[in-house]
Amino acid sequence: SQQGEEDPQALSIQEGENATMNCSYKTSINNLQWYRQNSGRGLVHLILIRSNEREKHSGRLRVTLDTSKKSSSLLITASRAADTASYFCATPRDSGYALNFGKGTSLLVTP
Amino acid sequence: EPEVTQTPSHQVTQMGQEVILRCVPISNHLYFYWYRQILGQKVEFLVSFYNNEISEKSEIFDDQFSVERPDGSNFTLKIRSTKLEDSAMYFCASTAGLAGYNEQFFGPGTRLTVL
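If you read the protein sequences in the order shown, they are chains A and B. Mapping to our numbering: the first sequence position 48 is 48, numbers consecutive. Mapping to our numbering: the second sequence position 20 is 20, numbers consecutive.
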């Protein structure tokens, strides 16, 4: 299976702090994606990093990919209460038609 | 900004009844998907649809499930005879290209409750 698995399962920080979430996967991939899900809502795409990229930035988000370790990390800098959500990594299914999602990291940012 | 829409937002049904969940993907997208998320669990892939046929389905997508694109805008998921364990959030998604290479756009979901 190429499913990613996030770590930690839950993370609680204060506003202004940085939050780091990790994702590990099992087989070779051509890209990895991160999504956010606010409680009871749909998933929102955050960032896609390709296998030939080691790091990618988008606003306060920084994603790294280490294909030799089959792992990725998502860093949210200067977190805000509005960042409270679940964060999922997703890897392509073998067919490439769809994605496999991990179990997610539940992030709580308190004021 | 274009978005994926889903109706209804919440559907309550009795076990054994048929339900149809509806989605309107983004208009110029070519690939369509259904995922589900049982409360507190991860998002699970059900089926992908391209060029008016199923391109891939998971082991969850058994004979009780079917999908259809009845016209140029709607994409539906039918569950023929619902079971208690079908209770979940069902998300529709669409992409311009293969999801494995492109951003997926998700709808807000339909919460299905089977009593």
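Heads up, a few of these hints could be off.
Stated by the list, open to error - In the DSBU-like style, the derived pairs of lysine-lysine whose C-alpha atoms are separated by at most 30 angstroms in a straight line are:
1) A/69 <-> B/42
2) A/103 <-> B/57
3) A/70 <-> B/83
4) B/83 <-> A/69
5) A/56 <-> B/83
6) A/26 <-> B/57
7) B/42 <-> A/26
8) B/42 <-> A/70
Because the hints were derived from the structure by calculation, they are not lab data.
> Going back to the hint list, which numbers does this structure go against?
Replying inline: Per hint list: 3, 4, 5 violated.
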